[in-house]
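Engineer: Use the sequences and the hints to build the structure in full.
Protein chains in written order, with our numbering: chain A, 1 to 173; chain B, 1 to 572.
Please keep in mind that the hints were generated in silico from the structure rather than gathered at the bench. In this text the structure is predicted, and so the values were computed from the model without any measurement. Ideal Cβ placement from N, Cα and C applies to all residues, glycine included. Any given hint might turn out to be false.
Claimed, not checked - Chain A side only, calculated, beta carbon under 8 Å to chain B, not exhaustive:
no., residue
1, 56
2, 59
3, 67
4, 68
5, 70
6, 72
Chain by chain, the residues run as shown.
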Amino acid sequence: MKRIVTLVVQNRSGVLNRVTGLMHKRQFNIESISVGRTEQEGISKMTFVVDVEDHRKMEQLTKQLNKQIDVIKVTDLSDKAVVARELAMIKIVANPGTRNEIQGIIEPFRASVIDVSKDSLSVQVTGKPDKIEALIDLLRPYGIKDIARTGLTAFSRGHQPQAAELTQYSLLK
Amino acid sequence: MKLDMKPAGTAPATKTGADVLVDALVEQQVDTIFGYPGGAVLPIYDALYRSEADFQHILTRHEQGAIHAAEGYARVKRKTGVVLATSGPGATNLITGIADAMMDSLPLVVLTGQVATTVTGTDAFQEADVMGITTPITKHNYQVQSAYELPKIIKEAFHIASTGRPGPVVVDIPKDISANPCFDTDESPFHLPGYQPTINPNPLQIKKLAEAVKQAKKPLVLTGAGVLHGGATDVLLDIINEYRIPVTSTLLGLGAFPADHEMFLGMAGMHGTYTSNMAITDCDLLINVGARFDDRLTGNLEHFAKNAVVAHIDIDPAEIGKNVPTHIPVVSDSGAALKELKRQLKEGPDHQAWLDELKQSSKDYPLWYNTPKEGMVAQWAIKEIHEKTKGDPIVTTDVGQHQMWAAQFFHFRRPDRWVTSGGLGTMGFGFPAAVGCQLAEPEERVIALVGDGGFQMTLQELSVVQERNLPVKIVILNNQALGMVRQWQEEFYEERYSESIVGCQPDFVKLADSYGIQGYKFETREEFESQIGELMNNDQPVLIDARVIQQENVFPMVPPGRGINDMVGVKP
Chain A
1 MKRIVTLVVQ NRSGVLNRVT GLMHKRQFNI ESISVGRTEQ EGISKMTFVV
51 DVEDHRKMEQ LTKQLNKQID VIKVTDLSDK AVVARELAMI KIVANPGTRN
101 EIQGIIEPFR ASVIDVSKDS LSVQVTGKPD KIEALIDLLR PYGIKDIART
151 GLTAFSRGHQ PQAAELTQYS LLK
Chain B
1 MKLDMKPAGT APATKTGADV LVDALVEQQV DTIFGYPGGA VLPIYDALYR
51 SEADFQHILT RHEQGAIHAA EGYARVKRKT GVVLATSGPG ATNLITGIAD
101 AMMDSLPLVV LTGQVATTVT GTDAFQEADV MGITTPITKH NYQVQSAYEL
151 PKIIKEAFHI ASTGRPGPVV VDIPKDISAN PCFDTDESPF HLPGYQPTIN
201 PNPLQIKKLA EAVKQAKKPL VLTGAGVLHG GATDVLLDII NEYRIPVTST
251 LLGLGAFPAD HEMFLGMAGM HGTYTSNMAI TDCDLLINVG ARFDDRLTGN
301 LEHFAKNAVV AHIDIDPAEI GKNVPTHIPV VSDSGAALKE LKRQLKEGPD
351 HQAWLDELKQ SSKDYPLWYN TPKEGMVAQW AIKEIHEKTK GDPIVTTDVG
401 QHQMWAAQFF HFRRPDRWVT SGGLGTMGFG FPAAVGCQLA EPEERVIALV
451 GDGGFQMTLQ ELSVVQERNL PVKIVILNNQ ALGMVRQWQE EFYEERYSES
501 IVGCQPDFVK LADSYGIQGY KFETREEFES QIGELMNNDQ PVLIDARVIQ
551 QENVFPMVPP GRGINDMVGV KP
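Structural biologist: Next comes the structure, spelled out in structure tokens:
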């Protein structure tokens, strides 16, 4: 099962290595990572999507992460209402004949064109991973030259619904 | 450092980073450093030379010897061991010891030199990525970025190493930082928001545990090294004396509870007593105090404590529920948890039938060994040493057959007498660890029970014994084989003894002699019996080459992959 874990960490050299090394040692598979600074000086936030077998493995992962001295807080967001986003840039084969057609495809995804050249077109799209996957699928027939994805980043919603209404918010179920 | 041949050197006017480091070590009340010099730590060794502080540096003859000695020191003194080595090969020679200390939760601060910051990352002479290499095998590690932060890092390192679940902390110090003058240091108190170990138990969890004890018909306590780290031995003894709960132990927990107590069943696990393993299998309440349910203890998890409510007291929350599902988790220091349990326990279990059953089992299935017509077996030799030393010396071992036999036949009555490499299972650990133990406890009798294989991995430390005339007793249980490997090849590989019979070895008596140490070779029980008492109890270093029978195996045994209730070799 896929889980979203966020870590609040001390922004020190080697901290990412520490965390990914731990996951490697304990045999957790990382689907994506995103890291960035937070509003606090010296504090960074990491968002991981990991693939784990069961809840016991997941508990072990959060406990092991918590043991790291540079890790201040570990949150498993998977069972919470979250806002999660990923950014992707996609470079597609395009000529004057297909440009308009592509424009029509990306519009409902609220993606935007960020670069145009003689024989290619680059678009930028933000959203949940499944939305990005859907757009990639639609663009594939034109010929994809390159893709760059940031990986998921997430935090919990301001209002946490009760357990009964949770499923509709949940991202990875 | 007090040196006899110290010339009247002139100290530089300003302090260097290395001086700041030495001051920080003095502040931590370090009295012994185990180390080996080299290029990148020249400034630190110079500062040690110039220092007036009253602590000793022990020059081992290999960095691995230094760190195992520091582990032995830390184990018996319950104080953080300090190791100092140079960059590159100096640091990589420490890796086995760092991993060993991590697995067995020993508090160490390991100082390594590093190439100067100006050349870091250029594959400079004697450069190794010590941070990268040690991250997975340390509790924490630091690379010092400026001398300004050195005092604070040292404070943090000692704090992290010695509190919570203890472990090794590496501090990597680039040469320019230790060599250059330092005009300002950060003396502010440290703050570690990501490190706040839970020391005191949740009283409600203890209430549940007390209730479970009252309800139990077949209760059992399992002691791990956490009992020793938490200083919980006395309160444990009080509880057991009052409520008469049987006790078993892990390898590293030996000594946490007196082995001659009527409630003690012996060690559990792969080579534990039959009664201990059956007690774990049949008990209805298993109280694990500070053990981590290692695979050598549990055997196949499917058969482990199937009928039991499992309570687990551990200072490391990650150990609870890691291997065995736990009904009553208690995250706490073992001493604090047991004190609270003692306070809350008003009524013990009603379990006379269980006690009778275990007593009968202990009587029916004692540990046993062969007594050949000629020659001696290692178990007998260990028992003999135990008796002639009244069972009270500090004993260190390597890993393997002799380690298991020592665990079975040496009955530790007091804590901190037993120093062995449990988790990592390091050959060559025992002898240098004994050197560290002797330096930590000069008045105590220290015996290194080692195999001929393990001893040959770190025997260069005989120099330290010679140099300091340490009265360490080295007993080589010499079967001219890698005994445990040989045993597994006999049992599971149809007697194909691949590279495990090692007949070619030095004359250990002459070897001892070359270091100025008395050496003896015993081949018969009569020789051994008549001299061992005197040799173990005199005040000289002694090396004994005890020739033991090669074919003897460690029994009883849980074959790999089986449950601990499924033992072979339970009876002769």
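Engineer: Tell me, which hint numbers fail for this structure?
Structural biologist: Those not satisfied: there are none.
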